[in-house]
Every structure is written in structure tokens, then in C-alpha cells.
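K.L.:
Could you put together the complete structure from these sequences and hints?
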Amino acid sequence: MSTDLTTGSARVAFYNDPKVRSIVYQVALCVAIALVVYGATTNAIDHLRRAHITSGFGFWDDPAGFDISQTLISYSSAASTYGRAFWVGLLNTLLVAGLGIVFATILGFTIGISRLSSNWLLAKFATGYVETIRNIPLLLQLLFWYNAVLKALPDTRDSIAIPGGAYLNNRGLFLPSPNFLDGFGAVLLALILGLIVAVVFHLWASKRQERTGERAPVLWVTLALVLGLPVLVFALRGFPLSFDYPQAGRFNIAGGVEVLPEFAALLFGLSIYTAAFIAEVVRAGILAVSRGQTEAAYSLGLKPGPTLRLIIVPQAMRVVVPPLTSQYLNLVKNSTLAVAIGYPDLVQVFTGTVLNQTGQAVEVVAVTMLVYLTISLVTSLAMNIYNRSVALVER
Amino acid sequence: MATNAESMTMPETTAATTGPTGKPRRLATDVAVEIVGMNKWYGDFHVLRDINLRVMGGERIVICGPSGSGKSTMIRCINRLEEHQSGRVVVDGLELTNDLKKIDEVRREVGMVFQHFNLFPHLTVMENCTLALIWVRKTPKKEAEEVALHYLKRVKIPEQANKFPGQLSGGQQQRVAIARALCMNPKIMLFDEPTSALDPEMVKEVLDTMVQLAEDGMTMLVVTHEMGFARQVASRVVFMDEGQIVEANVPSEFFAHPQHERTKLFLSQILR
Amino acid sequence: MTQSEGELAVTELTFVRRYHLQPLAPPARMTGALGWLRENLLSTPFNIALTVIIALLLAWAIPELVKFLVVDAVWHGTDREACLEATQHREIGACWPFVWERLPYFIYGSYPIPQRWRVDVFFAMLAIGIFWLLWLNAPRRDLGVIYSFVVLPIVSLILLHGFAAIGLPVVDTVLWGGVLVTLVVASVGIVVSLPLGILLALGRRSPMPVVRLASTIFIEFVRGVPLITVLFMASVMLPLFVSEELEPDKLLRALIGIALFASAYMAEVVRAGLQAIPKGQFEGAMAVGLRYWQMMQLIILPQALKITIPNIVNTYIGLFKDTTLVFIVGIFDLLRTIEVARIDPKWATPVTSTTGYAVAAIFYWIFCYGMSRYARAMEMRLASGDKR
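Chains as they are written, first to last, in the numbering used here: chain E, 1 to 395; chain H, 396 to 667; chain B, 668 to 1055.
Wrong hints could be hidden among the right ones.
[Said to hold, decoys possible] Which bits of chain H does chain B cover? Going by a derived footprint, with three or more residues having C-beta under 8 Å, they are:
id: 1; stretch: 437–449
id: 2; stretch: 481–493
[Said to hold, decoys possible] Residues from chain B that keep clear of chain H, each with C-beta distances beyond 10 Å, as calculated:
id: 3; residue: Leu680
id: 4; residue: Thr681
id: 5; residue: Val683
id: 6; residue: Leu688
id: 7; residue: Leu691
id: 8; residue: Asn714
id: 9; residue: Trp799
id: 10; residue: Leu826
id: 11; residue: Leu913
id: 12; residue: Pro945
id: 13; residue: Leu957
id: 14; residue: Leu1049
[What the hints assert, rightly or not] List of simulated lysine to aspartate or glutamate pairs, DMTMM-like, C-alpha gap at most 20 Å:
id: 15; chain 1: H; residue 1: Lys582; chain 2: E; residue 2: Glu131
id: 16; chain 1: H; residue 1: Lys548; chain 2: H; residue 2: Glu522
id: 17; chain 1: H; residue 1: Lys537; chain 2: H; residue 2: Glu554
id: 18; chain 1: H; residue 1: Lys537; chain 2: E; residue 2: Glu210
id: 19; chain 1: E; residue 1: Lys303; chain 2: H; residue 2: Glu522
id: 20; chain 1: E; residue 1: Lys303; chain 2: H; residue 2: Glu541
id: 21; chain 1: H; residue 1: Lys536; chain 2: E; residue 2: Glu214
id: 22; chain 1: H; residue 1: Lys497; chain 2: E; residue 2: Glu210
id: 23; chain 1: E; residue 1: Lys151; chain 2: B; residue 2: Asp1011
id: 24; chain 1: E; residue 1: Lys207; chain 2: H; residue 2: Glu541
id: 25; chain 1: E; residue 1: Lys333; chain 2: B; residue 2: Glu887
id: 26; chain 1: B; residue 1: Lys988; chain 2: E; residue 2: Glu131
id: 27; chain 1: E; residue 1: Lys333; chain 2: B; residue 2: Glu935
By construction, these hints were calculated from the structure, which means they are not laboratory data. Idealized CB from N, CA, C, for every residue including glycine.
P.N.:
Below, the structure written as C-alpha cells:
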């Protein structure tokens, strides 16, 4: 019957004290992880030593000795190093991923909006597209495009001639390559100038609208500046652009720029596949904005165009951007399927050929994973910042 | 307080036709809304049957009835949020057809307040109110903000101008919605069950605002279950059931001596 | 009569309806086939143009597809001659004899023919497990869970791999192939990823910092890298990390890679479900005196899993499609067997590849679409359960 209530807590056996238990669990986990890591490392060192495989990154500067079918930077099998091969592979990945994101977005938004169309045929067609593409593995689609379509094109001898000076055969698409002559620099300058002036015009038009209420024809002026001005300068400077047309021979096509069927198949397959998922994301975003918003805007006298721009799209974007970024990341990760059709992306070049030649599995796989991990984490971070900045303010 | 039956005449105002003077604008004709023989179907369902209604300027019409009777659908036909299939709907002299220009004109003259407020959550209260002024009436920003502040004062929440709708209570949000509609200086205001989604303690503040609006002479059509409001302010009460107008009368007669069987049944359920 | 009564209401202040109006049929232009066409396909000039374009597109594409798969297809034959235009003097569609002949290979791989009954038993057991779990009104579904997640894996392992002691000759996993491998990889992935994902999700939400850190690092790492790199890591690096005596089976390595990968994604799905449980549930359980694991098992997890069933099924659909990636580390799943078969010179024709891919596409599509319909049905059911 103690009346002293300030003395410490009831005495518990130490093995029942939650704090002690927590510490014990965590220490046990650390020990377990340490043991596993230790065991794995010693085994690996042992195996590698026995196979006479060196460790470390010395191989980075060793000569590569193999060819790469598509290189955006200069590379030669004789003179370039493994390190250089890494960069070639990385650039190829970024190229196909970047273009894939652009095409998939355009196609995905179109299909997503189409699914909500009042035109029954269009809506059903878009739904059919999504339900078919989403339920067939990407690898299967890639193999189909590559083997059944592109590889089934005619031989070099029977190349299909495309109006405009291009040739299509089972070795690739041969396009005229542009030669930028003297004076093209001025056209680029005009483009940049046009963009800057368009931005300034936008700002001026906004300020003017605030002051007087009048809205200047922003769209037309922007088009005129960004498209019209460069075209005008192009003409004035005497059309400083010539093309190197591919010449069709019996066994070869000389000249022009070659688009590999591997690249085309990967780009096509990735775009079509990811577009189906983007379509669903877009559809969910548009549906997330309640009909009442449209009705309120219409009842205020707002026309459909401004309603979409000022009310619907800003709200839909909040819902669309996070999963959209997720799909973009998926596209980047899916581009690694290039190894199945021989497109020289980072995985195919580095984790494929370089690993085979050097045998240094640990370093090569670790570096590759690090690259993709960095891309993922940076994108997630950017996404979190975006999310926080557009969050709706609530109580 | 104008609750008499002779409110079919024009309101006693000589207000200017534009600007926020606090008094509603004059109608182009005496008749605010005229609906003649209007029918509407949703697919096979005959939702509105032979609706005939004439609303004069300055009248306050309260429309009541059981759920599913088509009350909301009817007033939504007035600003073309719904389309009617037969009959005529004429608003302030403008007939509603598929002519988009006419529809835009009508929507500029008719304001609407919704059951679920439908405020734009990504814009501040001030921006909600000035949006239409800037983009539809092409008002300069400063002027638009003055107008908005004037109406926010009228609904008694000017201090919330820079808050977002998500930060306000239900009653405050609905008052902002009323202010937003008023900023466009409409000749006619439509209310679609404005207090049905509110907690009981907030219903009064919104009804008070609407009473004030009525006393200033605004032409109003209100779909509501709030019979106290109808008794206080309505010039006519219209009872709808199964898509048709069953009975219409001045409030005193309507509540004291309902004529039709269905009206009697409805009132007995609503007014315990 | 009844119509003109209403006109009085226009001018009168007082109105009482005398005749009740019965519902009429809508005007002819609104209803029936004509009305529907107007509304949905032909409402504006833009819509008309769109309808025409798509109709033309479908009018070309669908007949072409049917032509290839059925009309122009070859149904009988023994070798490529049956499917060549030159010898048949007509346009050739799909080469089905190729599929009939190679079908056992597509299904069993190189599993020894006298032992194939074991694979059939496995398929049957798998089907039972699936039905038991998915059919919501099945009896004793708790037993179904134990069957699917414990009994089935153990029995299947013994059955498929063999156990000399009880008279089942061992069949090396190198011989397994086709649908057998696809279903084995998918099942292992499904069976392992859910419990492991739950553990990881709980770990990520744990108040113990070390546990939380370890779980988070694992999940974010695995989700940030492509599956191919995980498979490479498992198949190339795993033998390095384990001691000399254990020579991990090639299929096992791929299974480990897929299972770990799927677990990380499942962890996030389960975590979302846990986050949706109101705090009150946790507090209520603790107030009653339940300890951590009891609380999780009896109160929290059942609710969390129920909410996220659609997302879990979506993850499984992704997993099913991802099984094709084991192709790249040399495992003979269905896709790889088709790749191997289509370049067989015995069947070399221009249509062989397409036929093979069509078969694979149909197989995967049926499974994945079926799962997605199930997920949607679950979603509907859950949504309706919340309505009063």
C-alpha cells in the first residue's frame, strides 16, 4: 500500500522488456546479415582466385577488341577500351529509352483519351488495344517484331524503295543522312531566338491580360515564332541542307544513315507496350476529376477549351504524373530486354560481352545495377518534390 | 420582405444594368424563364413529362418533391447542363437549342449553385471567383478582384479570400460557391439542393445568405427540402412528382391547404 | 386533353394537376438502333470521320487475322512441305501441323516421355489449388491456403524432381521445359512472394530502426534495378557466393532471382494495404492484449490483404509475364522452346515463326486476361461490400 507513485515502473523481467527485446532482435539481425555477407565474400574471393580472375576495375582501361553495331560516339574495336564500350552502351540505352518515352507518351495519351470518347467504336477499339497489349509479355512482342516482321523483310537485293530516297530491307532502314552546310547555324540561331521571343511574348501577354482583360493570340504567335522564323531564315540563306542518299548496290547499301532493325524493333515494341499502360494511367487521371468540376465551369460560362486547360488538366495532372513517372522508369528498365534481340544497350554490351570476356561478374553486374539504381532514385526524388509542390492544400 | 402573391410584377429596383451594385440586373423581358411542354428522356426513361412553368423576374420559386421526381434535372435544363428532347425552354428571351452561341449567352446570365459546391480545389477562393470574370467577361485582374471581394463581403467571408477550398468548412465553401456565381452578375440564380450536403449547424448560414439574396430581388429557382426557407421567402412553391408538376401555389396556401393527394402525402412525410 | 392542361400552368399562379401523365416512349430518333448509332457514332462530323476510319481499319485487320489463323491455315502435314506456298499453290496462313507436332515439347520440354505422367499430376494439383483459392464459396478455404502454400510446393518438388528412395527417378531440371517451366516459375514466384512480401512490408513499417533500414534498402534496391540484372546476378554471381559443394541448380538460381524480385514489389503492395488500415484497428487490438504477431495475423493482415487483392493479382499478372525473362539466362520456358522450335529446319517456312508466336501469345493472353478479369471482379465485390 505504497502511496509513493513517483518511483519507477513496475519491475519486469528483462527478457520481457520491449526495449530489450527490440535491441536483441536488431543486434541479431545485424549479426545475421554480417555473417551472410562475410560468408559470401570469402566464398567469392575463393572461387575467383581459383579461376584466376582478377578483381578490381583495372579492366576499365583494357582494350575491348569487339565491335558494336550501333555507336553514337566514336568507337573502334581496335583502339577503344572496355570503359568506352560502357559509355557506348549507356548512350544507346538512353537513346532508345528517350525516344521510347516520347512515342509511348504520345500514343498512350491518345489511346487513354480515346477510351473515354463518346464514339463507341473508338472507345472499344482503344480498350481492345489496351487489353491485348497489356496481357502479352513484352519479350514475346519484341521477338515477334524482330523475328517475324523485321527479319522477314526482303534481302538487300530486293530492298523496298521508299519515296524520299530511303530503302528498307532485313538489314535495316536506310535513310538519307542530312549534311548541314554553311549557314545552317543561322537557322538554329533563329530557332533559339524564336523560342526566347515566344517565352517573352507569353509573359507580356499574361501581364497585359491582367491589366486590360484582353487576351492576345498567343498560340498563333508562338507557332509563327518557333516554326515560321527558322523556316524563313532557312529559305533566306539559300536552303543550307543537303542529303547524302543511300545507294542501293547488290550486296550492300552505301551512304545514308542506317537504322538497325534491332533498334527499330526495340523502340517499336517498348513504345507500343508502355503506351498501353500509360493509356490506363491517363484514363484514371481524367476520371479522377469529378464531373461537377466541368459542370461548375460550364455554368459559369466557361467554354470547353478553357475549362479543360484551367480546371480539368491541372487537377488530372496531379493524379497522372506519379504513375506516369513509374511507367517511364519501367520503360527504361524494360529496355534491358535488348539483350534478347541483340541491340547493343548497356546490358547487352557491358553485362553481356564485357562480362564474358573479362569474367569479372561482380564488378560488371554491380556497375550496371548502380546505373539503373541511380536513374530510379533520382527520378523518385524528383517525383517526390513535384508531388509536394502540387499537393492540394487542405485543413 | 416580398412574400406576397403579387410578386409576378417587376421588382422595385432601378439599378444599373452592370456592375456590382448589390442589386440584381434587369431582365430583358418580364419573363425570366418560360418552359412550355418540355419532355426529357434518359434512354427509355421518361424523366420529365410535359413541364410547363413561367417564372417572372424577381420571383423566388421553390421546387420540392420526392427524390427521383426530376426536380434537379428540370433546373439543369435551364442552363443546358441537360438537354431536353421536346418542348421549349426560353431563358430571358433566349431559346435553348443546339445553338452553341445561345447556350453560352444563357450560361453567362444564369448562375448555379450545386449540392456539392464544386469549387475548384487547386485555386484560392479569390481565384475561384475571378476565374470566369477574367476568362469569360475579359475583365482586368484588379477589377475582377474588386468585384470578387465585394461579393465575398456580401456572403460574409472576405477574410478567407486567400485560402483554398480544402481549408474551409462546408458552409463556408457553399457561401464561396454562391459568391462565385454572383460575381458573373447573373440575372437568374439556380440552386440545386444547396444545403443537402451540409452539416445541420451550417445550413442556417447558407440559408441566411440566400434569404438576403432573395430580399435584394434576385430571380431564384431553388430545389430544396428546407420548407422553412420556402415559407419565409418563396413567391411560389412548386411540387413535382414522377417527372411532372403536380401542384403549384403561394406558400401560405400550399402548406396550409394542399389540394392534390400526392402533395398532401409528401407534406405529411416532410413536416412531422 | 392532358397536354393542354399543362399550358394553363404557364399563366396561372395556382395549379393543381388533374390527370396523371403516364410515361411515353421517347421520340423515334432517340431510340433503337438508329438512335444509338446517332448518339454514339455519328453525333458530330468529327465523330463520323473517326468512325469511318476505324471501321475501315477493322474491316481490313480482322479478316486478315481470321484468314491467317483459320482460312488460309494448314491443318495437316508432316513437314515444311505442307506449309510452303510453292508446294501448295495457294496462299498459306498459320502452319498448325508445326504446332501439333511440337506441342509435347512446348508443354513438357525434354522431360522423359515415360515420366510425363508426373508433370500431368503436377498440372492437376496446381489446378485444384487455384480453384480452391479463387472460388470464394469453396469449403474450408483455410485448408486451401495450407494446401497451396505448403503441401503443393513440397509434393510438387518431390514429384517433379524425383526422389530415388521412393522409386521416382530423378529428372534433372535441365530437361524441364515449356509450359511446365513457365508454370513452375510462376507458381514459385507467387507462393514465395506473398509471405516474403508481407514480412518485408511489416519490416519496413517496423519501429526498430535496423529492421526498417534493412527492409527499405532491400525493397528500394530491388525495385530500382531491371529484372534482367537480378537474374544475371542470381545466375552468374550466386555460384560465386556459395561454398564449393553446393552447385546451385540453374533453374533454382532463376527461381531465387524471380522470387526475390517479386517479393519487393509485393512488399509495396502490402504496405499500401497496411497504410489504409485505420490506426484504431491497431489500437483496438493492442488494447485487447494481443501481441504483435497475433495482432498482425488475426486482425490487421486479413483486412490489409483483402483491400489489396486487386493489386496483388495485378502484381501476379506482371510476375507471370516476367517469367519469360528466364529465357535470357538459359532456362527453357515456353517462349524459349518456341524460339528453339521455330528455327528447326524441318519446319522452315515463312509462316512458322508467326505461328509459333501466335500460340505463345494466345497462351499468355488467356492466363493474364483471366487474372485481370478476376482482379476486376474482386474490386467490384470489395467496393460493393463498403456500400450500405
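K.L.:
Confirm or reject each hint.
P.N.:
Comparing the hints with the structure gives:
no.: 1; hint: 437–449; result: holds (count 10)
no.: 2; hint: 481–493; result: violated (count 1)
no.: 3; hint: Leu680; result: violated, 6 Å
no.: 4; hint: Thr681; result: violated, 5 Å
no.: 5; hint: Val683; result: violated, 4 Å
no.: 6; hint: Leu688; result: violated, 4 Å
no.: 7; hint: Leu691; result: violated, 6 Å
no.: 8; hint: Asn714; result: holds, 15 Å
no.: 9; hint: Trp799; result: holds, 42 Å
no.: 10; hint: Leu826; result: holds, 57 Å
no.: 11; hint: Leu913; result: holds, 59 Å
no.: 12; hint: Pro945; result: holds, 21 Å
no.: 13; hint: Leu957; result: holds, 36 Å
no.: 14; hint: Leu1049; result: holds, 24 Å
no.: 15; hint: Lys582(H) x Glu131(E); result: violated, 50 Å
no.: 16; hint: Lys548(H) x Glu522(H); result: holds, 15 Å
no.: 17; hint: Lys537(H) x Glu554(H); result: holds, 18 Å
no.: 18; hint: Lys537(H) x Glu210(E); result: holds, 7 Å
no.: 19; hint: Lys303(E) x Glu522(H); result: holds, 17 Å
no.: 20; hint: Lys303(E) x Glu541(H); result: violated, 24 Å
no.: 21; hint: Lys536(H) x Glu214(E); result: holds, 11 Å
no.: 22; hint: Lys497(H) x Glu210(E); result: violated, 28 Å
no.: 23; hint: Lys151(E) x Asp1011(B); result: holds, 16 Å
no.: 24; hint: Lys207(E) x Glu541(H); result: holds, 18 Å
no.: 25; hint: Lys333(E) x Glu887(B); result: holds, 14 Å
no.: 26; hint: Lys988(B) x Glu131(E); result: holds, 14 Å
no.: 27; hint: Lys333(E) x Glu935(B); result: holds, 18 Å
In summary, the structure is inconsistent with hints 2, 3, 4, 5, 6, 7, 15, 20 and 22 from the numbered list given earlier, while agreeing with the others.
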